[in-house]
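K.L.:
Here's the letter readout for the chains.
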Amino acid sequence: MTEAGEGMYDLVERMYPLCRSITGDGVRATLDIVGEYIPLQVQEVPTGTQVLDWTVPQEWNIRDAYIADASGRRVVDFAASSLHVLGYSVPVSATMPLAELREHLHTLPDHPSWVPYRTSYYKPEWGFCLSQETLDAMPDGDYEVRIDSTLADGHLTYAEHVVPGQVPDEVIVSCHVCHPSLANDNLAGIAVATFLARALAERTPYYTYRFIFAPGTIGAITWLARNAERIEHVKHGLVLACAGDSGQLTYKQSRRGDAEIDRVLRHVLAASERPHHVTEFTPYGYDERQYCSPGFDLGVGSLSRTPYAGYPEYHTSADNLDFVSPGAMADTLAVCREAFAVLDRNRRYVNLSPYGEPQLGRRGLYDALGGRSDTKQAQMAMLWVLNLSDGGHSLLDVAERSGLPFDTVAAAADALGAAGLIKA
Amino acid sequence: MTEAGEGMYDLVERMYPLCRSITGDGVRATLDIVGEYIPLQVQEVPTGTQVLDWTVPQEWNIRDAYIADASGRRVVDFAASSLHVLGYSVPVSATMPLAELREHLHTLPDHPSWVPYRTSYYKPEWGFCLSQETLDAMPDGDYEVRIDSTLADGHLTYAEHVVPGQVPDEVIVSCHVCHPSLANDNLAGIAVATFLARALAERTPYYTYRFIFAPGTIGAITWLARNAERIEHVKHGLVLACAGDSGQLTYKQSRRGDAEIDRVLRHVLAASERPHHVTEFTPYGYDERQYCSPGFDLGVGSLSRTPYAGYPEYHTSADNLDFVSPGAMADTLAVCREAFAVLDRNRRYVNLSPYGEPQLGRRGLYDALGGRSDTKQAQMAMLWVLNLSDGGHSLLDVAERSGLPFDTVAAAADALGAAGLIKA
Amino acid sequence: MTEAGEGMYDLVERMYPLCRSITGDGVRATLDIVGEYIPLQVQEVPTGTQVLDWTVPQEWNIRDAYIADASGRRVVDFAASSLHVLGYSVPVSATMPLAELREHLHTLPDHPSWVPYRTSYYKPEWGFCLSQETLDAMPDGDYEVRIDSTLADGHLTYAEHVVPGQVPDEVIVSCHVCHPSLANDNLAGIAVATFLARALAERTPYYTYRFIFAPGTIGAITWLARNAERIEHVKHGLVLACAGDSGQLTYKQSRRGDAEIDRVLRHVLAASERPHHVTEFTPYGYDERQYCSPGFDLGVGSLSRTPYAGYPEYHTSADNLDFVSPGAMADTLAVCREAFAVLDRNRRYVNLSPYGEPQLGRRGLYDALGGRSDTKQAQMAMLWVLNLSDGGHSLLDVAERSGLPFDTVAAAADALGAAGLIKA
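Residue numbers (full-length UniProt numbering), protein chains in the order written: chain A, 1 to 424; chain B, 1 to 424; chain C, 1 to 424.
There's no promise every hint is true.
No more than 16 Å apart at the CA atoms, straight line, and that leaves these computed lysine to aspartate or glutamate pairs for EDC-like [said to hold, decoys possible]:
(1) A:K235 to A:D344
(2) B:K376 to B:D407
(3) B:K235 to B:D258
(4) A:K123 to B:D390
(5) B:K123 to C:D142
(6) C:K123 to A:D367
(7) B:K423 to B:E400
No lab work stands behind these hints: they were computed from the structure.
Here chain A stands alone, though its shape is the one from the complex:
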């Protein structure tokens, strides 16, 4: 896993400097990098396209932005950090006194050295984000402000990657790609999703896994709007966000709360004995908001480490490359792999010999020597699978009711299936 952790960290480092937003070349450049790891189908959706209740906005691109003092020195410079510009700022080129400029400045007085992340997607506005310390050091007087941005008809960009499975039923893994230089939110999520896709392709999974790299909210809404016919095939899903900080893993359940993905993540996290949190669904956070809107109500949960807005560095310049680690991303990836390994094998079986126990001994599935009290786990697992294979219990049900490891239960099901005693 160390190798995967380092690999994911390298990917995060490469994406970090880019200025992403909900549209524009920063998203395209990010997807180009991801595309070096896994093949992507990139979609470009024109400005003005109606998507559910929303409309795809104009595309935003930015080349330069700064605040310069009377001497011409740039006291705030977009080139130093993509966070310095209010996302979706309209262009501006002016000179104005500090008093007037202040209305366009965003700081974090409680964390004077940090730069906040702010946007104004749907109200035309311009602004700068800077540290309180920088602002405090700015003397009164006139400043030159310049934002060399473009808001024009163009496209919204998102990408998909599909790992084909044995059945057309799909699992979606979704992560937002719209945040600028914030490492945990969500470059770590993008990196874990990318490496997860590669791991799943090592052998053909049962489900078809679809990875969605899209800008938050409008991107998920656009994907949902353009995939109306596919939704019925989406059986499970996971939103990945904040996947690389040092906090405990947090699984936020789907709106349904008892969706199979919820049961799988709860089981895997508990069985792994990792300290972790499981939280109820709330209609806030990341794109589970859209997947779990009542019209769709998909079985989509969300996996994070420290969750949405749960750490002071959230949406600030302190969510930087030091805030995430290879080990934390490797741990998140490992849980995803374990969870999908369970989900992928979690069938319901029917016992073909349901009246009394079938005679396992003559099929070589049971110890010949009777009387001992230390019956082995594998035999117990077979008895449990046989007993609960009435079409109503999944292997996860069997594992939870028996207290046996899922792997042991799944192996028992394989053996019983091979002996013709159960069928899925």
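Please arrange chains B and C on chain A, whose structure you already have, making use of the hints.
P.N.:
Just chains B and C, lined up with the frame of chain A:
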């Protein structure tokens, strides 16, 4: 609220001296007083009327009653307290030795200075209730006993008051009016009901609220028997009793246990952070026994302070004007008002834009500045209402699942309804 | 109960020396003894009969078995204990060095003075069970080994005893009769079943009670195979095993977990205030494995004292006559009787006067004197039965919801039934 508390206490004081029973002029006089506060429709049901499994009994009236000693001194005198006579005593006029008289005397040896409350509605009997101290002080010898009562064909009297609502569906509020000079049981209940009716009429409520002032058991049974066609409109109800003592509020749930009234009272009591009790239904207590009989099984709970038979003063002369207070009645009234305010607004809505989140921003319902983590309660309430408005969740469900105050949730529903995003 | 306890212990003592197995004369001799207490219908099922997924095996009988040393002294002798021979050993007559013999010897190194119980029903094998101490004392050298057994076509033997009830619906009580000289497992179970059958016959029960004395696994499977048409009449059942040791009672619930037998046993054990355990179903243990296989899924639980494999003496020579006691068996029997007394009376009633309370007073079922707060349990029980008699609640539901003793509730139902107020 102090004003309401004082007003209720005044009402209790006025009703206290009257000798009420399940029929007779004491009930009528009580209803006359209540009628000064709210208009009442008084019903008179003739003796012999068949009501469900019961028959309206003869009407009982009493003018005087006493036990006089050999000197003619009244050692027990009805004029001093209506409790002194066994309720529904047949007339008697006799002189007898104490030994014989004892069979007709009721005392409370454990509380020697208190007078018990006893009745014999359906078995012809006469008797006196007195303190153990009085009895102990009575020397052997002959006593004159006289009860100047009448048991004759007449009527059973009850009254209704209706606060018209926007819909014909009804909420009933029921209190028993048959107990003599007992302040908490149930003059306080009558007073709270009276002031609640006035408060509800301040603006047209959603439901139609029907207040029932009736003698216990036979009165509720009579009302049910005469309102067979109305029962289907009774959606919720509350029995008010023991509403004025200093104990914690106690809500006794309906037989169904999960009726909407149960959920509302549990929610309001918990949200108010008052110390309180919520108890399971039992087929004993007050007229919830009748409303919750299996043939009706109405969603009717019961609100008391110290509940039925839960205090030593219960059904004794110690349940007097000192035992109740303006503050306690005001507190009971406040909870009733809060509860009916929730019940009255507790609709189920359908999200008219259920696929993904609707764009609240362009409707002026969402902050334009993105990125901040301190999203306001009002916005969260809108997201929750939208997410759970699938026809299956009420606003109370939303409040409980979100942890937001009901008022905030209801205000969000109003705003979303005005924007055309949800409908009831 | 002391008498019953002593009687059961006598029965255990008589059965103890016999060498039982899943077939053969040891089973027949055991059933002959039981048949002296209660009449038995003995069934003989031929070798080779197909029973569900199994086939009735050849019949095994044994006359003698020993290991003799060079001097001819029997160091292990079947005559001393039926445990010394591996159950279903094929015949052997040979002389061999200890090194070769060891492969056929079974000991318990952790309990060096105990002899284990081992079998090999379905794989032809021979062997001896002995104490580790005996083995350690055997010098190297040649030993004569002889097992004078027969494995030949014959029969599998089981027996039934029926206590006819008022209805054809059946309760089965099943105990395994295949273990050799093990007192708790399962001679105590056989003894409790035998005395339970006698107790139930004292008056005609509601249900028909069928007692099954059959070898474990193959016997229960054979009974199920031959009673396909009867299964639908089997409404409840109890497997009795390990019924005589000094441990607490343990009720293992049926696969369904909420079967009526589960609720009855939980109730009776809790109400009796005995320390006890209630455990979840597992597909291991005794013949509940077969009755609760998914095709049958009968409401059959299992009552033991220390449960299956839960004590070190389990399946060893230490499960001897000292390990069980008259008092423990009497206690197990008492709980069975209490449980079946509840089960037998646990009807669902319909209130024939469900609108309001019926007037109990005029039917002589209610105290005439009103106002007292110490209403008696019998009256409360009547109110509870009336309130919950909607066809959906059993008397056990009433007892549990009311907190009243089942007997009080059942007596109330009898009184209300006699008054024509409810019907089953």
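K.L.:
Decide, hint by hint, whether the structure agrees.
P.N.:
Right, here's what the structure says about each hint:
1. A:K235 to A:D344: 11 Å, holds
2. B:K376 to B:D407: 15 Å, holds
3. B:K235 to B:D258: 13 Å, holds
4. A:K123 to B:D390: Cα-Cα ~31 Å, so violated.
5. B:K123 to C:D142: Status violated; Cα separation ~98 Å.
6. C:K123 to A:D367: 10 Å, holds
7. B:K423 to B:E400: Distance of about 20 Å is beyond 16 Å: violated.
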